[in-house]
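Here is how the chains run, residue by residue.
Number of protein chains: 2
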Amino acid sequence: MSEEGKRLAELAKRRGFFFPSASVYGGAAGFYTYGPQGASLKRNLEDAWRDRFVFREGHMELEGPDVMPEAVFEASGHLDGFDDMIVECPECGESHRADHLVEDATALEEVEALPLDEVQDLIADHDLTCPNCGTALAGEPVEQFNLMFATNIGPGSSSPGYLRPETAQGIFVEFPQLKEYARNQLPFGVAQIGKAYRNEISPRKSLIRVREFTQAELEHFVDPETDSPDLAPVEDVELTLYPASEQTDDDGEHVTMTVGEAVERGVVGNEWIAYYLGRAKTWFERIGVDMERFRYRQHLGGELAHYASECWDAEAELGGDWVEITGFGDRADYDLKKHAEHSGEDFSVFKQYDEPKVVEKPTVDPEMGYLGPEFGGTAGEIADALETLAEKNPQSFEGDEVTVELDDEAFTVPVEKTGFSVEEVKETGEHVTPQVIEPSFGVGRLVYTVVAHALERDEVDGEERTYLSLPPEMAPTTVGVFPLMDKDGLGERAHEVAADLREAGMAVTYDDSGAIGRRYRRQDEIGTPYCVTVDYDTLEDDTVTVRERDTTAQTRVPVDELSETLQELRDGDRSLDDA
Amino acid sequence: MSEEGKRLAELAKRRGFFFPSASVYGGAAGFYTYGPQGASLKRNLEDAWRDRFVFREGHMELEGPDVMPEAVFEASGHLDGFDDMIVECPECGESHRADHLVEDATALEEVEALPLDEVQDLIADHDLTCPNCGTALAGEPVEQFNLMFATNIGPGSSSPGYLRPETAQGIFVEFPQLKEYARNQLPFGVAQIGKAYRNEISPRKSLIRVREFTQAELEHFVDPETDSPDLAPVEDVELTLYPASEQTDDDGEHVTMTVGEAVERGVVGNEWIAYYLGRAKTWFERIGVDMERFRYRQHLGGELAHYASECWDAEAELGGDWVEITGFGDRADYDLKKHAEHSGEDFSVFKQYDEPKVVEKPTVDPEMGYLGPEFGGTAGEIADALETLAEKNPQSFEGDEVTVELDDEAFTVPVEKTGFSVEEVKETGEHVTPQVIEPSFGVGRLVYTVVAHALERDEVDGEERTYLSLPPEMAPTTVGVFPLMDKDGLGERAHEVAADLREAGMAVTYDDSGAIGRRYRRQDEIGTPYCVTVDYDTLEDDTVTVRERDTTAQTRVPVDELSETLQELRDGDRSLDDA
Chain A
138 MSEEGKRLAE LAKRRGFFFP SASVYGGAAG FYTYGPQGAS LKRNLEDAWR DRFVFREGHM
198 ELEGPDVMPE AVFEASGHLD GFDDMIVECP ECGESHRADH LVEDATALEE VEALPLDEVQ
258 DLIADHDLTC PNCGTALAGE PVEQFNLMFA TNIGPGSSSP GYLRPETAQG IFVEFPQLKE
318 YARNQLPFGV AQIGKAYRNE ISPRKSLIRV REFTQAELEH FVDPETDSPD LAPVEDVELT
378 LYPASEQTDD DGEHVTMTVG EAVERGVVGN EWIAYYLGRA KTWFERIGVD MERFRYRQHL
438 GGELAHYASE CWDAEAELGG DWVEITGFGD RADYDLKKHA EHSGEDFSVF KQYDEPKVVE
498 KPTVDPEMGY LGPEFGGTAG EIADALETLA EKNPQSFEGD EVTVELDDEA FTVPVEKTGF
558 SVEEVKETGE HVTPQVIEPS FGVGRLVYTV VAHALERDEV DGEERTYLSL PPEMAPTTVG
618 VFPLMDKDGL GERAHEVAAD LREAGMAVTY DDSGAIGRRY RRQDEIGTPY CVTVDYDTLE
678 DDTVTVRERD TTAQTRVPVD ELSETLQELR DGDRSLDDA
Chain B
138 MSEEGKRLAE LAKRRGFFFP SASVYGGAAG FYTYGPQGAS LKRNLEDAWR DRFVFREGHM
198 ELEGPDVMPE AVFEASGHLD GFDDMIVECP ECGESHRADH LVEDATALEE VEALPLDEVQ
258 DLIADHDLTC PNCGTALAGE PVEQFNLMFA TNIGPGSSSP GYLRPETAQG IFVEFPQLKE
318 YARNQLPFGV AQIGKAYRNE ISPRKSLIRV REFTQAELEH FVDPETDSPD LAPVEDVELT
378 LYPASEQTDD DGEHVTMTVG EAVERGVVGN EWIAYYLGRA KTWFERIGVD MERFRYRQHL
438 GGELAHYASE CWDAEAELGG DWVEITGFGD RADYDLKKHA EHSGEDFSVF KQYDEPKVVE
498 KPTVDPEMGY LGPEFGGTAG EIADALETLA EKNPQSFEGD EVTVELDDEA FTVPVEKTGF
558 SVEEVKETGE HVTPQVIEPS FGVGRLVYTV VAHALERDEV DGEERTYLSL PPEMAPTTVG
618 VFPLMDKDGL GERAHEVAAD LREAGMAVTY DDSGAIGRRY RRQDEIGTPY CVTVDYDTLE
678 DDTVTVRERD TTAQTRVPVD ELSETLQELR DGDRSLDDA
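As they're listed, the protein sequences go chains A and B.
Residue numbering for the first sequence follows our numbering, starting at 138 and increasing by one per position.
Residue numbering for the second sequence follows our numbering, starting at 138 and increasing by one per position.
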């Protein structure tokens, strides 16, 4: 673990941000609990996400269950394809990612794409051993391991269920209902903030690779033919990009350009993705991601999910590594088509034309009195084949005869016996299966990033100080209120001040234990932007000391202006220097 | 299903409150999805809960994982005891609650408490048949079915995990960490809002009995010896109570009294529970539970959980039945003691005395030179037994000889050889395992109740109207903004009005489709308390029409006073009559 990672893990546990769950029982790798500070910061982050990506975009929100029936994942492809390759040590019983073992020991990349037996051979060829106990792994079977957590719904095993590996499927399966709420008008977006579960082989790096995590996903359903985003509000937002072409170039580097330029120059191909890269950049900044440690990286061809045509990841630098914190993908119509196919339900939107269109529709009306005697039992099939051919390839009917193939046998029919004609038909609209643009945010990774990027150290009064420079909107506590001492009525007055600030909607912590300096340090470590001290002067002139976390600057403010002053400081309308 | 239940299910699906999940695949019983309106209402309800039971009480919040390792549930007792009795039909394969079948067919109660073979005999004796297909169930085995959803953590089955059946355990297992955050001071409270899962045999009644649900639980850790709540803020709150004594009395009825009276007369035995009954009553009223359809019912002796000494349920009347929506229990020190026992960790709080206490501590210092030769290999055990005896029963050492028993054998030792003495020891404090008071709210049931109790029907302009009389704080949308028509600049002006209201923090829906009357009905059905119409007069005099949901009263308000007017209406500081 990096130095930053260690400092963060220690602070996160000690101050109540996050820590491994159920550690009194040794815990289970990959499960974390958010303590009081972390739960609060996480909620602030989710509220900020909802504000930006649901309310301000005019999208809907949904909340579906975590346990879903097997049919959903048969259709989505997760049941068959959501696997990791594993090899189990015959000695210690620990399972390892087989592809990672090979990649670590060789120059090979994307070993995941190789057949299992080849990977098994590579393990033998390179004499690979168990990283845990050193036992040789040659000859041990390499197997696919499905990453979904499986369970049974109801008694017995007749009704398997799975913990959803992404919140997205809970939106896709309800599309036929959701389009009703959108009154059958594209585009519309549906968001969900909720848990997702992946039974990782090797959970690691604190909140970065866990088995249970929170996603904030938005599925934006658009008409691929006619809808396009309004880029105006984001076109001047500057992006740090790491396109595929730069990654494969030996001298490749990050490039900086505006959203408008990225679209114009074709660096970002999909305008919807470009729109969300712009929106998200500003939002990441708002929640406290350090823009010096941030980039958008395009997926390379081999990395793309089977359904995706373009994908960019927002990445944050954490302890020296670039870590994905959000994915922006174009899932095309893959999921909706799959669910339509598997369920037989309508996952399209009927798009009304402004005016009915007259289209030419080739049809046949085969003379069965001729086909029957001529072809016997095959006559019906031949009639169907003629109908299909007329739709797909009407030119075939231009000559005197037309030939259809059935099970490799050719049947020739005189065109005059097919009743071929082209009719003019009025169509009022068409069924469109929407394209899906998906910004998918990892909430736990964002919490981790925001805390990591806020972790600062400086020196105050000759002592080293650790503080979290969290944006006020993210901070678990907005104001710490302290009585200088808990006597002479200072406690009572401080309680009143705290109550007033709570009434004004602020998250307030009251603390009367220990020296003022220690209380400041405690609040600094949890990122509280402002502290208010009630002292003997308060009883005289009704003013209090306001102290700012990052600068440690202090000023006196009249109690009756306190709430307003703090709100102005929080909103950046004022700094302590001019207070 | 009741008439109310049917109307509600229809409205809930059509308008996007809640509906059975994954219905395109036939779904899985007991899993529900909250649509856009329901997700929003549920969030409002959770925020109101947090405001009342976390922020205003000064408690902490935590967010733990849904999947927890087996050791947690071994300790909590869920692995062994969280069972339902089932019998499977040999013909159709459907499983049924065996105890319910017997209870439905006989006058017996609490059949759950009988041994399995007796229940099996009762099924045979009463010729009970499968409710699904009519096949005789005589002779079919009655078995215990554990209600936890089981899964495996990591590859293989060596690390079983379970979906938590209550959020509470996620708090209890972290107690050693949480008490640090509380600086080892009792009392303190820790809350969690999150999913819980129970693999019910027969999920039913919409959101009432589901397999995946949201709980809002508060675990209030108190010192059973010295802590007591401040009843002052709630003592005058009036409660409708249905105590155990009234339930077992043939003429029993609801009784009404204040919290203060209930405590004084001993109707509610536990003051902490009384405190929360008072706080919750006011809160239920605030979120829209109809107080004419509400009561607190005390658990009867047989109903109490094995760990609970007193328990009251908040119950709402729904479709003719009384349904539990919240439980208020005294879990004593059961869970913390169990976890301490199973994990070997410290689940107590060290309570410092104001002044050190001098206590007499009887001890022994056995003369091994005597015990060894006399008792051989048993000498060590005898020494331990003497030590235990001295602590528990120091009077035994008053004579010349003392006798200890080991495996039914008695060993007699002269007291002078035991080194018995009584020392005076200074103790600075003691380890206290807190008592746990638990208000446990079912969020889904509350959502259902709030919508059911808000469902109203009246007649407007000669037409029947359905509306939800939700409190503004709960309503998914606060204001609907409509342009009279989408032309002549009315749409643009209405968009501006909507944007201003959003800026003021309100949940706004913009709707320009269909006649104004239809738009009102749509908002009425989702419980939007206010609608604002922009018409031609708006362009002249900059006023809009504000219309109130319940009364359908309308008034004109200047646009620049709109936000303030709506806030006053929402907060009840003004009604439309004096607008």
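No lab work stands behind these hints, which were simulated from the structure alone.
One or more of the hints may lead you astray.
All copies of an identical chain are treated as equivalent in the list; a pair is satisfied when it fits inside any one copy or across any two copies.
Straight-line Cα separation of at most 20 Å, EDC-like style, residue types lysine to aspartate or glutamate; simulated pairs [said to hold, decoys possible]:
#  : residue 1 : residue 2
1  : Lys150    : Glu317
2  : Lys332    : Asp184
3  : Lys150    : Glu593
4  : Lys332    : Glu303
5  : Lys332    : Glu183
6  : Lys332    : Asp537
7  : Lys342    : Glu231
8  : Lys143    : Glu255
9  : Lys143    : Glu662
10 : Lys150    : Asp483
Now for the hints, and whether the structure bears them out:
For the homomeric pair Lys150 and Glu317, the shortest alpha-carbon distance between copies (10 Å) is at most 20 Å, but the shortest distance inside one copy (46 Å) is not. With identical chains, the CA atoms of Lys332 and Asp184 are at most 20 Å apart both within one copy (16 Å) and between copies (19 Å). Taking the shortest Cα distances, Lys150 and Glu593 sit within 20 Å of each other inside one copy (17 Å), while across copies they are farther apart (50 Å). When the C-alpha separation of Lys332 and Glu303 is checked against a cutoff of 20 Å, the pair qualifies both within a copy, at 8 Å, and between copies, at 16 Å.
In this assembly of identical chains, the alpha carbons of Lys332 and Glu183 lie at most 20 Å apart whether taken from the same copy (13 Å) or from different copies (17 Å). Proximity of Lys332 to Asp537 under the C-alpha cut-off of 20 Å is found in neither arrangement, the shortest distances being 64 Å within a copy and 69 Å between copies. For the identical chains of this complex, Lys342 and Glu231 are intra-copy neighbours only, at 19 Å inside a copy versus 45 Å across copies, given an alpha-carbon limit of 20 Å. Taking the shortest alpha-carbon separations for Lys143 and Glu255, neither the intra-copy value of 38 Å nor the inter-copy value of 59 Å comes in at or below 20 Å.
In the homo-oligomer, the alpha carbons of Lys143 and Glu662 lie at most 20 Å apart inside one protomer (15 Å), although the nearest pairing across protomers, at 53 Å, exceeds that limit. Taking the shortest alpha-carbon separations for Lys150 and Asp483, only the inter-copy value of 18 Å comes in at or below 20 Å, while the best intra-copy value is 49 Å.
Hints 6 and 8 from the earlier list are contradicted by this structure; the remaining hints agree with it.
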